[in-house]
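Asks: For the protein sequence lines, the chains are A and B, in the order given.
The working numbering puts the first sequence at residues 1 to 274.
The working numbering puts the second sequence at residues 1001 to 1558.
Wrong hints could be hidden among the right ones.
[Claimed, not checked] Some chain B residues judged to face chain A by a derived CB distance under 7 angstroms, without partners named: (1) VAL1029; (2) PRO1113; (3) ARG1114; (4) TRP1121; (5) PHE1134; (6) HIS1166; (7) VAL1424.
Derived from the structure by calculation, the hints contain no laboratory data.
No residue lacks a Cβ here, since even glycine has one placed at the ideal position from N, Cα and C.
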Amino acid sequence: MPNTLEVPAPTAWPLVLAFGTTLLFAGLVTNESLSVLGALLMIAGAVGWFRDVLPQEAHDVVPVRPELPAAVTSRRNVARIELAGELPRAWLPLETYPVSAGIRGGLAGAVAMAVLAMLYGLLSQRSVWYPINLLAAGFFPAAVTASTEQLAAFHLNAFLVAVLIHLLTSLLVGVLYGAMLPMLPRRPILLGGFIAPLMWSGLLYSALGIINPVLNARINWLWFVLSQVGFGVVAGIVVSRHERVRTWQRLPFAVRAGLEAPGLMHEHPEDRGE
Amino acid sequence: MTTASIPWMQSDVARRPLVERLHDWVTTVDHKRLGILYVVYALVLLVVAGIEAAIMRIQLMAPHNDFVSPQVFNRMFTMHGTTMIFFVAMPLVFGFANYLVPLMIGARDMAFPRLNAFSFWLTAFGGVLLHFSFLGGSGLYGAGTAPDVGWFAYAPLTAKTFSPGHSTDYWTLALLVSGFGSIGTAINILTTILCLRCPGMTLGRMPLFAWLSLTMAGLVILAVSPLSAAQMMLLVDRYLGGHFFDTQAGGSAVIWMHFFWVFGHPEVYVLVIPAFAVVSEIIPVFSRKPIFGYPVMVAATVCIGFISMSVWAHHMFTVGMSPAANGFFVLSTMAIAVPTGIKIFNWLATMWGGTIQFRTPMLFCTGFLFQFLIGGLTGVMLACAPFDWQLGGSYFLVAHFHYVIVGAILFALFGGFYYWFPKVSGRMCSETLGKLHFWLFLIGFHLTFDCMHVPGILGMPRRIYTYEPGRGWDAWNLWVTIGVVFQGLGTLVFVGNLVWSYFEGDRAGSDPWDAWTLEWSTESPPPVYNFAALPVVRSRRPLWDLKHPEDPDWKYEQ
Chain A
1 MPNTLEVPAP
11 TAWPLVLAFG
21 TTLLFAGLVT
31 NESLSVLGAL
41 LMIAGAVGWF
51 RDVLPQEAHD
61 VVPVRPELPA
71 AVTSRRNVAR
81 IELAGELPRA
91 WLPLETYPVS
101 AGIRGGLAGA
111 VAMAVLAMLY
121 GLLSQRSVWY
131 PINLLAAGFF
141 PAAVTASTEQ
151 LAAFHLNAFL
161 VAVLIHLLTS
171 LLVGVLYGAM
181 LPMLPRRPIL
191 LGGFIAPLMW
201 SGLLYSALGI
211 INPVLNARIN
221 WLWFVLSQVG
231 FGVVAGIVVS
241 RHERVRTWQR
251 LPFAVRAGLE
261 APGLMHEHPE
271 DRGE
Chain B
1001 MTTASIPWMQ
1011 SDVARRPLVE
1021 RLHDWVTTVD
1031 HKRLGILYVV
1041 YALVLLVVAG
1051 IEAAIMRIQL
1061 MAPHNDFVSP
1071 QVFNRMFTMH
1081 GTTMIFFVAM
1091 PLVFGFANYL
1101 VPLMIGARDM
1111 AFPRLNAFSF
1121 WLTAFGGVLL
1131 HFSFLGGSGL
1141 YGAGTAPDVG
1151 WFAYAPLTAK
1161 TFSPGHSTDY
1171 WTLALLVSGF
1181 GSIGTAINIL
1191 TTILCLRCPG
1201 MTLGRMPLFA
1211 WLSLTMAGLV
1221 ILAVSPLSAA
1231 QMMLLVDRYL
1241 GGHFFDTQAG
1251 GSAVIWMHFF
1261 WVFGHPEVYV
1271 LVIPAFAVVS
1281 EIIPVFSRKP
1291 IFGYPVMVAA
1301 TVCIGFISMS
1311 VWAHHMFTVG
1321 MSPAANGFFV
1331 LSTMAIAVPT
1341 GIKIFNWLAT
1351 MWGGTIQFRT
1361 PMLFCTGFLF
1371 QFLIGGLTGV
1381 MLACAPFDWQ
1391 LGGSYFLVAH
1401 FHYVIVGAIL
1411 FALFGGFYYW
1421 FPKVSGRMCS
1431 ETLGKLHFWL
1441 FLIGFHLTFD
1451 CMHVPGILGM
1461 PRRIYTYEPG
1471 RGWDAWNLWV
1481 TIGVVFQGLG
1491 TLVFVGNLVW
1501 SYFEGDRAGS
1511 DPWDAWTLEW
1521 STESPPPVYN
1531 FAALPVVRSR
1541 RPLWDLKHPE
1551 DPDWKYEQ
């Protein structure tokens, strides 16, 4: 360890230059003489600053204090968890569902939810198109004034928009289930089938008036919650039946990114000269 | 070269006269002292801007109130917004970065120490110039010639015709001066991180704080430069008869909006990314777990940085852009929620299964997580153009951005204060006062900004001076004002805690939190040279490796 070290020497010239710059501008709102003073200070500050660093930068030499004692911790033992197996550290979660499980769960849930929603349409308005039109109504301003008969009829645009919304949302939620269910490994259906749909329904209950006023005005919340629970139970069952895979957290980033390089991939026997 | 011993770094020398000590402070080029100067400056202006906010809230506490005149009210909200963004929030994040980045990456100073001092003084004098406007014209009574055009200073309101006198010039000139300072600081942070890392500190091993500061610095350069350019154009319009923003002479007011928001929205990320940085350092230490998904956190941050440059026009949905433009900015704004959501999940995953210690820094970070989630969700709602048409001009939007700026950024920075105060001062902050501060501020925050959403939804417009009774806004506005009182009390406790702890707090030692990054490997407060010998790093948690040679991190990181 050295006995002394060089550090940049303190200097007032940056302060003078900054003050000059400010006065130069301040003169525009006060008095021109301030701008003149500011310009002079700027020149002085710049010259002083240059002299500080040219031809050689000014340094102070400071004495170095004795080295600190080595870092210590009161926690001498590393926290370990039983499930970790060969891993000595708490990398969590150790397992998760593959993305494909989430996609399949989302699609299965989408079908279940669609069946329940169309059943509601049939029972309440004798039309499977009614809930479909309601879902799409947020995208069509004219739907605000649509009659029940109009909403019960088939409209191609509304159908396409509703299918798109339903599929995208279902896939997204399905993938989320895949990521979240390992967090509650013992009761996946409780989280996926009931808690999440209830929370989601509560959130929509408070916001639907703004997002989709047509749906909000005509919605039957009992059927809505039933449809959500239907989605959750089916998606949860489908997802949780998939085999879980180990997470990659402990692997080097290069391996996780799929880079192929010697040492990171299995080599062919012929490459090894065998 | 001069040879000297620096008195302030030695605790055993006799205290020197005040003038000499002040001289040391104003001539310093040490990044730690400049960091402290930034933070103290920001705290002083936090109190000033808080008083301005309190004046507004007293005015709006009841219908038909005449506590201040409409003109003074306009000046208050302009000065409050401008001060908070440019002279409180930015100096705070610059102060944290200035102090911590070199220590965290094992450097002895910033890359350009004198530029660092110059940048600080520009920022400081910019704020002085802005507030000097209170003394112009009719003096403090009547708020002088303080700017009254909002912190966004929309053209053509800022043209000479509609804004005679010098109030708008104060705004433009002060921000121009501080803008130069901000750009200088950002260049310094960027260069320091890229060029001065200690041996072994690869980009993949940098603390997240350093990565996020790097992103923040890049954003500052990209965002503040257009604002400075626009302000020069405005000065040309006002002083030299230019017509950049003069719609009567072929100019365009919308260009100002584009210039301003090209700065204005990334600016939100300039402020929130350092808040992320603070949280990313505190949560792992107080959960006793490494950060979950380090590479993903870095990637998400860089992603946020890039996307944030393509979302500015969501502030302009009501201007009348084409549906295609609206659609693009709706999608890009919503897209930014994805990397942001990833970060929230990763913080939660870091806490999950950890041994959480709810000390004051961790309490503030927990508040941050909750409030940032809500602020982010209302942000996604406002990203929908039709929703924005309804509520963008209302108090709902005011509530949304305060949820982010106060509920997320300020909470995280408060956590950072409590976390790094022992390193800066060598003393521990009082936990009792810290927790009192947390609860007072939390209650005050939620009273103020939760309640503020409701009059917004009920149609209360932004920036109004007073309102008619009987619209359902009265009680909500009263609650909002009561919340401000709680926040004010919390802030007083905070400042009192800092002062008391500085003189009376328990000795901290070099590593009071049993932390993992390099700043905790040196003394508290650190010596002027930071490290007697430059550290050598082999993993993302170098102190863990030192403390646990039997199970070092580098075994796992490779």
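Asks: Enumerate the violated hints, using their earlier numbering and listing them in ascending order.
Replies: 5 and 7
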